[in-house]
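Trainee: Working from the sequences, and respecting the hints, build out all of it.
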Amino acid sequence: MAQSSYAIAGHRHVVDRIHRQLHNTCKIAFCHSASNQKSAGGKESLTALAAARLARLELLADRQAQSHDAVSQQLGKLQIRTRILGRDTSPPLRKVQAESMHNAEVMSKLAAKVEQLDTDVRDTQKLLGALQGATSKQLELRRHKVAWKCCYGRAIAAL
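One gets our numbering by counting positions in the sequence shown from 1 and adding 3 to each.
I should point out that these hints are in silico values taken from the structure, not numbers from a laboratory. One should not assume that every hint holds.
To be verified - Under the rule of at most 25 Å between Cα atoms (straight-line distance), these lysine-lysine pairs were calculated in the DSS-like manner:
#1 129 with 140
#2 140 with 152
#3 112 with 98
#4 129 with 116
To be verified - Okay, the calculated beta carbon distance ranges per label pair:
#5 103 with 129: 33 to 41 Å
#6 113 with 72: 55 to 63 Å
#7 154 with 128: 35 to 43 Å
#8 107 with 141: 49 to 57 Å
#9 74 with 118: 55 to 63 Å
#10 93 with 115: 30 to 38 Å
#11 70 with 93: 30 to 38 Å
#12 115 with 135: 25 to 33 Å
#13 103 with 124: 29 to 37 Å
#14 72 with 100: 39 to 47 Å
#15 63 with 98: 49 to 57 Å
#16 117 with 154: 51 to 59 Å
We put the CB at the ideal spot given by N, CA and C, even for glycine.
Mentor: Rendered as structure tokens:
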């Protein structure tokens, strides 16, 4: 009982609620006994009724304190489990975060390299297009030169 009193004393709202219940119980008992004034031993029945209600309230307060203690113990165990789980999972999480950062850096470098290669391919394609244009012009000039030589050779032969 002393342990539950300490548990209740720490929680003022619980104590206030029990006090209100006790006050309401005494008020109800007083009204009940006032209506039955003619009954013999009215004060004794009021005292017995109040004592019974007080005992009931004390029992309820003890039960509430016990449930509070049980919940507090469960919460303590849960906090311990959380701390242990946190300790167990922290190193792997840090490792995964480090690997993630490393992978992000590698991906960034690869993206820059791909962009550079795309630029190189575009430049090479432009160069190949220019070379093909120059080659086609050279071939066109050779064709004209050959045609001119043929025409020039026929003209000289005809003379």
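Trainee: Now tell me, hint by hint, if it's right for this structure.
Mentor: Outcome of the hint check:
Using a Cα cut-off of 25 Å, the hinted pair residue 129 and residue 140 holds, with the two alpha carbons roughly 17 Å apart. Taking the CA atoms of residue 140 and residue 152, the gap is near 18 Å; set against the 25 Å cutoff, the hint holds. Using a Cα cut-off of 25 Å, the hinted pair residue 112 and residue 98 holds, with the two alpha carbons roughly 21 Å apart. A C-alpha spacing of about 20 Å is found between residue 129 and residue 116, which places the hinted pair at or below 25 Å, so the restraint holds.
Roughly 39 Å separates the CB atoms of residue 103 and residue 129, a value that falls within the hinted 33 to 41 Å. The given range of 55 to 63 Å is respected by residue 113 and residue 72, whose C-beta atoms sit roughly 59 Å from each other. A hinted range of 35 to 43 Å for the beta carbons of residue 154 and residue 128 is consistent with their spacing of about 38 Å. Between residue 107 and residue 141, the C-beta spacing of about 51 Å keeps the proposed range 49 to 57 Å intact.
The supplied range of 55 to 63 Å is met by residue 74 and residue 118, whose beta-carbon atoms lie about 60 Å from each other. In this structure the supplied range 30 to 38 Å holds for residue 93 paired with residue 115, their Cβ-Cβ distance being about 33 Å. Here the CB-CB span from residue 70 to residue 93 is close to 34 Å, well matched to the stated 30 to 38 Å. One distance hint, 25 to 33 Å for the beta-carbon pair residue 115 and residue 135, holds here, with the actual separation near 31 Å.
Look at residue 103 against residue 124: about 31 Å separates their beta carbons, and that is inside 29 to 37 Å. For the pair residue 72 and residue 100, the beta carbons lie near 40 Å from each other, so the given range of 39 to 47 Å is met. The hinted range of 49 to 57 Å is satisfied by residue 63 and residue 98, whose Cβ atoms lie roughly 53 Å apart. For residue 117 and residue 154, the hinted distance range of 51 to 59 Å is satisfied, since their beta carbons lie about 55 Å from each other.
Consistency with the previously given hints is maintained throughout, with no hint failing.
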